[in-house]
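Spelled out from the first residue to the last, the chains are:
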Amino acid sequence: MDVPRSLPSSPPASVAPPQPSESFSIHTTATSPKSSPAQQRSTSDAPTRGRPQRSSVPTPVPDPATDITFLRVRAQRHHCLYPGATFQGTQKSGRNSYEVNVTIVDVDFSSSFLCGYLRIRGLTDDWPELTTYFDAEIIGSRYGFLTQKWGANEQEDMVHWQRFPAFRHVKNELRRPHLTMPDRDRGAVFMRWKERFLVPDHRVQDINGASFAGFYYVCVDFNPQSPGANIRPVTQSFPLCAEEYGEGDLLTSPSPSKLESIPIGRRRRDSSVRRGGRGTSIAPRSPPPAATMSGFYFHQNSEPYQQLSLSHVPEPSSSCFEFR
Amino acid sequence: MTVRQITTASLKQLKNTVIGNPSAKLALARDTAFIHSLVDCLNHPPTSGEPQTSQDDIRIEAAHVISSISYGSEAALAGLLRANALQAIVRSLSNPQALAITSLKSALARALRVLASAIIEVTGPTLGPMRIYSAQFRSEAKLALSYLFEFDCLDVYLPLLADSSTQTSVAIAQLIGAAVRTEVHRTVVIEWVPRSDRLREVTFRRGWERSGAVHVTTRHGSWVIRTLIAMIQKKDLKACSFAQDAALCAMAALALDNPPVATALARVPTDGAASHLASVLSLTKSRVTDVQLSASLCVTNIIRAQANNHPGMVDPAAALTVIQVLNRILISPSESAQNQTKACHTLCSYLSLHRHAKALKFLAVLLVRDEKDICIEVYDRGLLANVAALVKSITPLDKPSDWDIDESESRVILREAALMAIASIALFDRVIKRDVADNIQLIPLFRECLGHKSVGVRVAACQCIRALSRDAAIIRTNLTDSGAGLALYQVFKKEDEDPRVIFATLAVVCNLVNDFSPLRPAMLSDGLLPRLMWLSRSEDQEIRMGVLWALKNLLCKSSLATKQMVMTHLGWTHLAELVNDVDPQIQEQAFCILRNLAEEEEGILFLFDSMGEDLVAACISTGLDSSSELVTRETAYFLGNLSNGTRAQQDIIFTHPPILDLVHACMADGKSGTTARARRGGVRVHVEALV
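Chain order of the listed sequences is A and B.
Using this note's numbering, the letters of the first sequence correspond one by one to residues 1 to 324.
Using this note's numbering, the letters of the second sequence correspond one by one to residues 325 to 1015.
Accuracy of the hints is not assured; some may be wrong.
[As the list claims (entries may be wrong)] Straight line, CA to CA, 16 Å or less: simulated EDC-like cross-link-like pairs of lysine to aspartate or glutamate: (1) K881(B) / E322(A); (2) K881(B) / E315(A); (3) K881(B) / E926(B).
[Unchecked claim] Computed footprint of chain B on chain A, listed as stretches where at least three residues anywhere in the stretch have a Cβ under 8 Å from a Cβ of chain B: (4) 68-74; (5) 99-110; (6) 316-324.
The set of hints was computed from the structure by calculation and includes no laboratory data.
Cβ atoms here follow ideal geometry from the backbone N, Cα and C, with glycine treated the same way.
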């Protein structure tokens, strides 16, 4: 197309446009205008390391009408909670003990969400192996310790959460009305698991002799102090009454007699604390104990305190997937 | 063929003929000679032989006809561009004689606005419905658009923003609102200073200072912005809403992704008067719906740009006001489809608050909140339900297969906008996704729209399914049971499908090939890999990256047989080339593929047997030496996986000295900060595994 380069002359000064009376200042020194999202996706994700830069690849400006997101949803990993992580152990119900495997499918801390599969062996004769898909609510700022559904009231919530030693370290931070707490690394993660359907056939609703109508209270401890110390024994019951915790933030600690099973001198946890210290000897450090996953199944009509006890199965290799 | 005579009467008749008549516009566009004559009239009108009409009347009618056919078919607009209509209008506007005639001036300004609006829809980024244009036409339109924002051109029409004729000033404001869509154009318009001011600056400058430079002043600010503010605050009731609507749209276009402008507009003056943002907010309560919508869009863009400057500092009161306006318009049965469409577009723009790519701090700072909070807020206030109800009301599910053939364009546009809004809202949060899938039950509607005649509706439906496919449970249940997953896959396989639809379907396929998806085997046995390989040859970088993304997910937790199948199609040589691609995004995906291939010992063996030790070592060296942290990270993971191989396989680390040097450099180099520590930590863990 022929585009004449010579443009018509500008209007003479005598017809200069009137000046708006109000002053309006724009300061451009504070921040530079945001670069296009495509450029941000490629450049902010790839900071240089002081090496000569490769020649930049021109990135087309994305059309907002064709793509609805410029953000990636990278798989998140927090200690042993990552997509593909597996945990192995047992679920005890009375005198019975069943072998259990849990596999994490997806983790999204920003949404306080996790999901996975729970496989239990030997639960019924008809189903020598049952696998369910579960959703998990990660307790924090979004989901509080109060369940307020699935038939669990506040007292039942507290009775179960108190069974996890790690709960003692967080109860002072809880905020009403839902007993939420700020999201940060505490060396332990609390969750509620709700099983949704059977795998592989999600259309199966009834299982003779088994049910997944309830839910689990779960605690993953990244720094278990000693085996068996991650759950208070079931025999030590302490029915927590409303007056033991009031409208304020604080939840009272159990009486000293109930602390016998808990290591003495335990302090507020930080996952960055490593036993043995660094540089204290030239000998190789012993690997930290595997993280533990503990839980209690709850349903109004089920036997109470069916206990889940699992340990993380460390993996020497890693793989990745990412939702697009 | 007839020779059309150009007179005032004939042009008026022609104008009435072509208005709203696409076939008449197309017929006119094919008369190339007439188009050139019509354009020529703007500056060299024939002598009028009609009594009581003048050459200026001919010019006015010629401008009207040009306006009318600008929104015709591709042929009509192309004809105008090839006749240099844009240049002719600008030339005409620069003539002082033309500026002295109000009716002529406003007709020319309107023609310029309409032509510019039509051009921008071709060049993009488009805000409206998606259409299909040829590459050549798009190239011509881009050339015309760049001319419109040249400095000398701005000197002709921008001063008319303050013209005494409301019709003229409104047309220029509308032009800004419609045509300014990129950062470059935004900047030139904001930084433009009237010629008289520039000359005054030159007079006062000392000799060695740069003259003629145009930049945003720090004292007196942007002339265009100030003029638009004056238009918004106009008290002349007769033309008030008309001018306000145009000025608000222009302001919105200039404030988009522009923190300095947003900050200036939100600043409270020292005299205690309301900020300009507050003034705009008050207009969201206007009795005129157009003004409400324009004000909402303006507020959205201002607070969005402010949030870019100060993450997490969205004005909650302003945000709530916008949501309420959009909600009311969407649920009102008396609102026009056009207003409801604008509401959906504003909603999409509103939801892209915070939607700027963030750095790798996501990986280093756990539990950080991001922009999904806005989606949740919008959802909590019922907007999603309202948009869903709206789209359900205009989308039949129990109709014959050709239900969309005679649909009005306004309905099609509204459906596209509503579906895009739903996709945007549902993209991040699982509660919202589950509601869309289980309770609102929109999946059948999405599936129905996959076969719509409109490209935009098909893309939007794909994006809705994409949003839902980011949930393993929904993939396993709703998307499988409804058949929507496989229906989308069939669209993905169409070789003649629009590239924009293919891009959207590819994003869904990336999610459907994961190991937890029941659709994975079905797709693998139905030509998935050949189709992916065909798309891998696309010139579009986004599609090529999407292919690799799909392969990465496919290989995660896959059997050796699947790995072998994938690599038979991809090829080891090609994979090695991708590792060395100039695009770090492509490189990153290539290393993810290597990582997933080596996730188990049998995969490591397969990899070494196929690539050979030297090529593996070369790939590792390339990755560790990359300037992209993401590439280096994935290479480190790949290296860590290789450490689980045999001793001989591990030994490549020690028998290829560059690798050791690069590993050392990775651990020692880099900036301070959490990101670097996380990267070094990741590399260190894998190196320790080797030892």
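Checked hints:
no.: 1; hint: K881(B) / E322(A); in the structure: holds, 13 Å
no.: 2; hint: K881(B) / E315(A); in the structure: holds, 13 Å
no.: 3; hint: K881(B) / E926(B); in the structure: holds, 12 Å
no.: 4; hint: 68-74; in the structure: holds (count 7)
no.: 5; hint: 99-110; in the structure: holds (count 5)
no.: 6; hint: 316-324; in the structure: holds (count 9)
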